[in-house]
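**Q** Residues per chain are reported as follows:
There are 2 protein chains.
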Amino acid sequence: MKNRIIVIGGLAAGPAAASKAARTNPQAEIILFEQSEYISYGICELPYFINNKIPFKENLILYSPEKFSAEKNIIVKTNHSVREIIPQKKMILVHDLEKGRLDEYNYDNLILTTGSKSVTHYAFGNHPNVFYLKSLQDALEIKKFIDYQTPKKVTIIGAGFIALEMAESFSSLGMDVTILNIEDLPLKGFEPETGKFALNSLSQNKVRYIKYNSIDGFEYSDQNNIIKIKTDAAEVEQDLILISIGIEPNIDLGKSAKLKTGVRGGYLVDQRMMTSISNIYAAGDCCEIKNSITNKYYYSPFATTALKTGWIAGENAAGGNTILRSSIPAYTVSFFDAEAAHTGLSFNDAISNGFLAEKTSIEGWAQPKIYPGAGKINVTLIYDKRDGRILGADISGKSGAALRANIISTAIYQKLTLKDLLNLDFAYAPQSTPQRDPVLYAAGKGLKSNN
Amino acid sequence: MKNRIIVIGGLAAGPAAASKAARTNPQAEIILFEQSEYISYGICELPYFINNKIPFKENLILYSPEKFSAEKNIIVKTNHSVREIIPQKKMILVHDLEKGRLDEYNYDNLILTTGSKSVTHYAFGNHPNVFYLKSLQDALEIKKFIDYQTPKKVTIIGAGFIALEMAESFSSLGMDVTILNIEDLPLKGFEPETGKFALNSLSQNKVRYIKYNSIDGFEYSDQNNIIKIKTDAAEVEQDLILISIGIEPNIDLGKSAKLKTGVRGGYLVDQRMMTSISNIYAAGDCCEIKNSITNKYYYSPFATTALKTGWIAGENAAGGNTILRSSIPAYTVSFFDAEAAHTGLSFNDAISNGFLAEKTSIEGWAQPKIYPGAGKINVTLIYDKRDGRILGADISGKSGAALRANIISTAIYQKLTLKDLLNLDFAYAPQSTPQRDPVLYAAGKGLKSNN
Numbered sequence: 008m009k010n011r012i013i014v015i016g017g018l019a020a021g022p023a024a025a026s027k028a029a030r031t032n033p034q035a036e037i038i039l040f041e042q043s044e045y046i047s048y049g050i051c052e053l054p055y056f057i058n059n060k061i062p063f064k065e066n067l068i069l070y071s072p073e074k075f076s077a078e079k080n081i082i083v084k085t086n087h088s089v090r091e092i093i094p095q096k097k098m099i100l101v102h103d104l105e106k107g108r109l110d111e112y113n114y115d116n117l118i119l120t121t122g123s124k125s126v127t128h129y130a131f132g133n134h135p136n137v138f139y140l141k142s143l144q145d146a147l148e149i150k151k152f153i154d155y156q157t158p159k160k161v162t163i164i165g166a167g168f169i170a171l172e173m174a175e176s177f178s179s180l181g182m183d184v185t186i187l188n189i190e191d192l193p194l195k196g197f198e199p200e201t202g203k204f205a206l207n208s209l210s211q212n213k214v215r216y217i218k219y220n221s222i223d224g225f226e227y228s229d230q231n232n233i234i235k236i237k238t239d240a241a242e243v244e245q246d247l248i249l250i251s252i253g254i255e256p257n258i259d260l261g262k263s264a265k266l267k268t269g270v271r272g273g274y275l276v277d278q279r280m281m282t283s284i285s286n287i288y289a290a291g292d293c294c295e296i297k298n299s300i301t302n303k304y305y306y307s308p309f310a311t312t313a314l315k316t317g318w319i320a321g322e323n324a325a326g327g328n329t330i331l332r333s334s335i336p337a338y339t340v341s342f343f344d345a346e347a348a349h350t351g352l353s354f355n356d357a358i359s360n361g362f363l364a365e366k367t368s369i370e371g372w373a374q375p376k377i378y379p380g381a382g383k384i385n386v387t388l389i390y391d392k393r394d395g396r397i398l399g400a401d402i403s404g405k406s407g408a409a410l411r412a413n414i415i416s417t418a419i420y421q422k423l424t425l426k427d428l429l430n431l432d433f434a435y436a437p438q439s440t441p442q443r444d445p446v447l448y449a450a451g452k453g454l455k456s457n458n
Numbered sequence: 008m009k010n011r012i013i014v015i016g017g018l019a020a021g022p023a024a025a026s027k028a029a030r031t032n033p034q035a036e037i038i039l040f041e042q043s044e045y046i047s048y049g050i051c052e053l054p055y056f057i058n059n060k061i062p063f064k065e066n067l068i069l070y071s072p073e074k075f076s077a078e079k080n081i082i083v084k085t086n087h088s089v090r091e092i093i094p095q096k097k098m099i100l101v102h103d104l105e106k107g108r109l110d111e112y113n114y115d116n117l118i119l120t121t122g123s124k125s126v127t128h129y130a131f132g133n134h135p136n137v138f139y140l141k142s143l144q145d146a147l148e149i150k151k152f153i154d155y156q157t158p159k160k161v162t163i164i165g166a167g168f169i170a171l172e173m174a175e176s177f178s179s180l181g182m183d184v185t186i187l188n189i190e191d192l193p194l195k196g197f198e199p200e201t202g203k204f205a206l207n208s209l210s211q212n213k214v215r216y217i218k219y220n221s222i223d224g225f226e227y228s229d230q231n232n233i234i235k236i237k238t239d240a241a242e243v244e245q246d247l248i249l250i251s252i253g254i255e256p257n258i259d260l261g262k263s264a265k266l267k268t269g270v271r272g273g274y275l276v277d278q279r280m281m282t283s284i285s286n287i288y289a290a291g292d293c294c295e296i297k298n299s300i301t302n303k304y305y306y307s308p309f310a311t312t313a314l315k316t317g318w319i320a321g322e323n324a325a326g327g328n329t330i331l332r333s334s335i336p337a338y339t340v341s342f343f344d345a346e347a348a349h350t351g352l353s354f355n356d357a358i359s360n361g362f363l364a365e366k367t368s369i370e371g372w373a374q375p376k377i378y379p380g381a382g383k384i385n386v387t388l389i390y391d392k393r394d395g396r397i398l399g400a401d402i403s404g405k406s407g408a409a410l411r412a413n414i415i416s417t418a419i420y421q422k423l424t425l426k427d428l429l430n431l432d433f434a435y436a437p438q439s440t441p442q443r444d445p446v447l448y449a450a451g452k453g454l455k456s457n458n
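So the protein sequences, as listed, match chains A and B. As numbered in this note's numbering, residues 8 to 458 make up the first sequence, in order. As numbered in this note's numbering, residues 8 to 458 make up the second sequence, in order.
Don't read these hints as lab results, they were simulated from the structure.
Copies of one chain are not kept apart here, so a pair can be met inside one copy or by any two copies together.
Distance condition first, Cα-Cα at most 20 Å in a straight line; then the derived EDC-like pairs of lysine to aspartate or glutamate:
id, residue 1, residue 2
1, K405, D344
2, K60, D145
3, K376, E65
4, K74, E44
5, K64, D154
6, K151, D183
7, K303, D391
8, K297, D427
With the hints as extra help, turn the sequences into a complete structure.
**A** Below you can see the structure in the form of structure tokens.
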């Protein structure tokens, strides 16, 4: 059966969707458009490319366009910017950036994997020393600035995942790092317990954290660099500014096609990853999906979700019939010697979604406390006090936070309760795990306070 | 209500049972007998006490008898050896080792937590340089021998958990270590894939591994030490021998009371941890419990199970009514820079229990493969090919094996399938976890081969 599948966006969800479509229907003609020159690279690894831990650009690239095309039987067109979708004609208009011309392409099925973009902080405007980090191109520009300008002081605006990873990255290059944030604590997507843990870790690693309410002005260098930021809380001097105040779905393209979007701005897709227009699918950071705990749309701009949803969109676009059976928030961040992970609902989300949410926090040992060098693990469990059902968790420590969050993800998938957690059998050996895992210790504490 | 609860055995299950009984019924009179002078110490940490990583005996001890007694409101009698149970009279006979006399104690409820003992290798007999490691006393004797005799070469008979941990311990003290084992691979309780991983790790750490079939003779020193072991495979010279060929339930006491025992020799208990005689409970290494996957009795001589079953026995002996809701094998061992973990059924156990078992193995990355220093993780999933239900798993690598096994334990608890695993949301960040966890990668491979 003739089936031309066009995939727009080549970073994570796009290649996943295209590959899966090719495996599902080897007869399909699959074209992947990407506006930059790169596809399929490790975007989450950019902080470690900037600090040279990952030495070469080539190390980041999982597939070159040529390799991807040859191995997967997919036509790859980089430096092609898709400008418009015309659903009535099942057609897209594509700007070939190399040849400088506009081409029309018909599709049978279209998959939008246009990803996300940095939220812009308009107060800062365009200055040579002001950067965002959302692409390999961004990273290359930051590296170039570092190489030529040798900045000594850096200010990061925001304190989310990338902000904290970049605080480590810049610090490891010997720079003084200041974080300016509008919240009392870093890591807004986590519980305050985790935010305090993160703040403590930053402080131990000599990263200054300043909470501000308003930016009151700037001072500029002769080169038009912002060399001073004046806020209500402090004046901060720096050679380089990284703005990292969040990301949002990149959906400019879908506006022309009038695709339905949600409260976070992402394309609303059904369980098959189809948008509000048939034969148009979406996956990854550009869409919103249903949270299995609340059954409401939410935004999950993570590489893991991009892969999962990309595979589903690709399979369905190629004639398959598969659905997203479950999705809950699950994310982690590592910075310096700290690791923080979250799964499921936050306490506030649980409350606002009608759960009788309660939370319990403990600080436990990652190894037996009598074992020299044993580290601490903080566990916050969020549960419904009516039945003890686990709704979410925050876990932080030196290591082992993400894998423990994955244990809780597995528990949430099956609606396990605090009591169920205590029935579980966990493996124990002094060098790897404690006799009673902090996760179980937290469940026990929650159960006691819930009785 | 009058309730005298007597607990026999003070290592792990005993203190857990006694504490829980005291919390359940603060009016109960609780007496804990222990034949040695120590209670409540970290037996799993003994290898790290022997190599001085844990420097002092006192570091191992979680509760001294005095502290335990004072904090928990429990009468603790160390150096008391219980000699006989007379169920008809609800009475025990106790040898006070300090005063050298035999006393009678009546009980309302009795909890047996007599633990396990080393399986004896009779060929070796009693020699000054032949050791077992099953108690703090054993460890102290090994340390004394090391201090006074400065052994250069060590032979370990067996290749289970303690054998491998002690291979690391002795190596770290600068000794040459040889393992003599009757199996082709170490770690018999694991899949051959894990055994090969362990063998490779031993070899990289200069531990010689010799598989033998028969011991053909010994040579002795003037001090009656066994200085040479002659086997069909090789002749091995050493200054110190550690025999570590397994453990078995310590049930001599129960024989007099005619308590029912199982195929592994442990007391058979019901879900309330009651033995075949009412008012007599058992917990920990001395009993057999039901495996939730097979619903058959099995032997789980681990500290985690000791705690879990001890709490249940203690609560019920004190008038509560709680049951062991779930129990599956779950264990891990760390040696050198290797970590191996198992949960659920082995492939062979799954087959012999009537499952249409299949297994799939992968070697995946513990971090993104483009991240410098990313380690490998081996995952073997055992599942039923009829429905893809997960039955067990072996996981090994440099780290993260035990926590991943705990994820699978959580999945097994609710009878999740390979497909379910692929629906899970796991957290990802380059420094802690890969974009697609090896556990999911293995599930995907299993699902493909199962179609």
